[in-house]
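> So the chains spell out like this:
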Amino acid sequence: MAVLLLAEVTDGELALDATAKAVTAAGALGDVTVLATGATCADAAAEAAKIDGVAKVLCAEDPIYGKRLAEPVADLIVSLAGDYEHIVAPATTDAKNIMPRVAALLDVMVMSDVTAVVDGSTFERPIYAGNAMQTVKSSDAKKVITFRGATFDAAGMGGSASVENIGAAADPALSSWVEDKVATSDRPELTSAGVVVSGGRGVGSEDDFKIIEALADKLNAAVGASRAAVDSGYAPNDWQVGQTGKVVAPDLYVAVGISGAIQHLAGMKDSKIIVAINKDEEAPIFQVADFGLVADLFDAVPDLTSKL
Amino acid sequence: MKVIVPVKRVIDYNVKVRVKADGSGVDLANVKMSMNPFDEIAVEQAIRLKEAGKADEVIAVSVGVKQAQETLRTALAMGADRAILVIASDDVHTDIEPLTVAKILKGIIDEEQPGLVLCGKQAIDNDMNATGQMLSALMGWSQATFASELDIDGDSATVTREVDGGLQTIKVNMPTVVTVDLRLNEPRYASLPNIMKAKKKPLDEKTAADYGVDASPRLEIVNTVEPAARAAGIKVGSVDELIEKLKEAGAV
Ligand SMILES: Cc1cc2nc3c(=O)[nH]c(=O)nc-3n(C[C@H](O)[C@H](O)[C@H](O)COP(=O)(O)OP(=O)(O)OC[C@H]3O[C@@H](n4cnc5c(N)ncnc54)[C@H](O)[C@@H]3O)c2cc1C
Chain A
58 MAVLLLAEVT DGELALDATA KAVTAAGALG DVTVLATGAT CADAAAEAAK
108 IDGVAKVLCA EDPIYGKRLA EPVADLIVSL AGDYEHIVAP ATTDAKNIMP
158 RVAALLDVMV MSDVTAVVDG STFERPIYAG NAMQTVKSSD AKKVITFRGA
208 TFDAAGMGGS ASVENIGAAA DPALSSWVED KVATSDRPEL TSAGVVVSGG
258 RGVGSEDDFK IIEALADKLN AAVGASRAAV DSGYAPNDWQ VGQTGKVVAP
308 DLYVAVGISG AIQHLAGMKD SKIIVAINKD EEAPIFQVAD FGLVADLFDA
358 VPDLTSKL
Chain B
42 MKVIVPVKRV IDYNVKVRVK ADGSGVDLAN VKMSMNPFDE IAVEQAIRLK
92 EAGKADEVIA VSVGVKQAQE TLRTALAMGA DRAILVIASD DVHTDIEPLT
142 VAKILKGIID EEQPGLVLCG KQAIDNDMNA TGQMLSALMG WSQATFASEL
192 DIDGDSATVT REVDGGLQTI KVNMPTVVTV DLRLNEPRYA SLPNIMKAKK
242 KPLDEKTAAD YGVDASPRLE IVNTVEPAAR AAGIKVGSVD ELIEKLKEAG
292 AV
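Chains as they are written, first to last, in our numbering: chain A, 58 to 365; chain B, 42 to 293.
Chain B on its own, in the form it takes in the complex (with noise of 0.2 angstroms):
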């Protein structure tokens, strides 16, 4: 079984974003870039599953800009086989939108028919939580989101989903597209030899257009804008003092 996992290159998670003046979104200009933390999770769920005998293949997948080909090295130098990249844009600044990025993914699945495709849960950017969802229903698949568990059996997979109100179980056919949440696993760190050896996988370069998908996005950016600050606040000096100040704010 060939394993798919798509991977997005994303500002990193510790660098504090800053709203660019004209509005039109976050400055990504020179600042840290990384993989989705989620799919770091992915990666290295999908490679689990090799070393396990249980898939033969892990492809890295990702749409976006070329500098993506970093993010694919570091999937490669975790342990992927090998990678594809489908440059959708020129611009660091522009987010392929989850449907486009789904439907680009479809056309890979159509080549590469995987019996498993293990995306994040959501980008960090976006915050939207929609790609896998969004390649399950085009794909007319089973979908398993938000995974904290997967054991991949024959022709359907158990999965364990954090929701709400705890943590449901269910039964998938395969094949499948599972989103996974941050308690899946712990992703390895790529080593030395691994990343040199990562320089030597097969990275293939595509476009958008090579799978037929026009790019062009559905929601137009009206404004960008910081979010409201909190009015500052004050130390107090003792718990006697917090129940004070709290009940002169009304709160207990």
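The shape of chain A in the complex, shown without the other chains (with noise of 0.2 angstroms):
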């Protein structure tokens, strides 16, 4: 049984953990081919092939997925869907766009950020922010899938795939690209890092949320943020984290300012070590905390910046 990966690749740089993890997850499923596109994509390519448990890589080299627009990285796809029995990729903004798009061209449905891989039509997945899983057996010919990188290890880099050169399929011509507002940071990416400080609304504005920062910078952390927090304009949204935001499950959460609603819980609450740090002793978030330490985050915060 064969797989296809479609691997994370952002302006011609491959996003390794993402993709490792999704080679990890698909590697029960049979002999995992990656997918790498992009208007250059050589070196996503080279370095897909040293990921353990990778078969092949495709390396689709053509202006058109450049931005990887979802109707022609859809089309690519399909056009090489005959061979694979699963077509899989991390579940990234970019991988939510297209998979969809490409299950609905093969008259399939779609199983959107499994978690566990049963056999090879059943998954499991949440549903409701979390508040229930669920495992689901496809009736279908093609399993399309996405898998939630938070509970899958990145797979090592032991590897030496053949990387094979392949045309691009039709530019369906629907849609171009404008532009891009990415803000560059030297933190580590929030779905990967080992340690996560997020503040919430309570931290007040844009400006105090440098003691965040603060903090996060001291435990070499990245940095995430509320819903509440981002829509009042302290932090991007490519911070929030949460059921319609980034999922993450670093060693280490620290969560200052934020209430604990049930979407943010979606996204951080299989974290090895929770801390929260709010005044409101009854707040929701203490339910999930391992330490939790009511005080004011004006005071505490900078106070255990200095500590550490």
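Read the hints as simulated data drawn from the structure, not as lab findings. Where hints are given, some of them may not hold.
Said to hold, decoys possible - Covered stretches of chain B, as calculated for chain A (at least 3 residues, CB under 8 angstroms):
1. 55-63
2. 160-170
3. 201-211
4. 220-233
5. 242-248
Note that the Cβ used here is the ideal one computed from N, Cα and C, for glycine as well.
With the hints as a guide, bring the two chains together.
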């Protein structure tokens, strides 16, 4: 049984952690062929070829794949689909844009955010913001899946798969890229960081978010935020953790000035150790916290930062 | 231009869900149901397009059980012009899969010929994040998912999308399917007079069979369980004690 795995490639660069976690998840299903796409993708393909468990890498280099618009990438995947029973990807925003389109073109259901593989047609996934875990069995001939990175360990880097260049599929010419607004940061990436420090509405302003960032930098952590903090303009959208933001499971998650709504818990409750700092002792975040500190964050966080 | 807005009846986002003892799913009997929050944002955006003179008619569509009538009345009270209810099940516990919903929506689009479909990016019950993309695929249209800004200009639309790296702006050919994210707008509340008026707005009832769609699921539910609970933690009295505990746990 063969698996086609869409690698996460952004502007020619492989998102190794996300891709390698999906390779682990897909390994249980059969031989994994990785598909790398981009305006340039030779480097990404070469790196993907080193991931343990990858049997082969296909490299589709063409300007139409440069910004990974859903329509051309979905058409490319469908053109290759004949050889594969499983078509999978890490559950990134790119893949969530592309994979349901692939599934509909193949007349099959998609399974999003899969957290465990039971067998070749049976998979577990969270529903209701992770308040229930559901196991579903697909009756479709092909299974189209996105895997939630937070629940799989990244595959190692001892592989040496072959790389084959493939041509582009026809350009559907339905959409075009205008611009990206991407903040660059020296901090670890949110979904792969070992430590995450998140701030909520309690932080109060964009300026005061620096308190959160200082603690994060002390811990070599990524910075996260609640929806309320993002909506209020304290933090950019790509920091949002939760049901509709990023799902993280670091070794240590520090929630500061966050009440702990189920939609936020959905994105962090599988973290190994959770610390909550909140001035309201009744805040629901304390129900999931291993260590809770009832305190004003403006006192506690700078104190913590200086003492660590 | 007509705008179609699919809306889903889901458990209210404030309700704590309970998994049914028989493992078949989440208990939906006698719990508060509401419009999927993302769909409210889609309805709001459609109404704003009409108010801005960019859309002529807003049609709300729901696929599901008969009770989804209430959800459609909410959309009508917010300002949609008419509604179509497609009954695809008589059991409130049956979730109609995104592929089926997309096929039914395609049937409606073939009849109504809208220039735009505005969907919520995901339903907060099955969290599948798929219907809009699937519909776009079946139509052979462009798609713009996770929209936080939308600007329609003649035969194209410029859409800013919330993505993992930040924001991406793309331009899509019309007609198109746009799925909306949280920060596109803040939906209005329906006023009492508008709620009264909504009762008189047209609401057509159809069935999946009217569109020749077989609504049987592709995914069989094997089991539904509560997630593993976290072991209870402790409260610490000071920053120093917190650091001590974190050191003991090897976390710092
Ligand atoms: C469809 C939908 C999707 C959603 N998706 C997400 C999501 O992905 N992620 C997400 O986070 N939310 C999401 N939400 C929103 C969620 O329901 C909550 O509204 C949000 O998480 C609240 O953010 P918060 O905890 O920062 O704010 P609040 O709930 O306002 O909590 C602020 C907390 O800060 C504390 N505080 C205030 N001042 C201080 C101080 N000086 N010192 C210490 N503590 C202080 C308060 O005691 C309070 O507990 C979603 C909601 C909906 C409807």
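> Just pull the numbers of the violated hints for me, sorted ascending.
5
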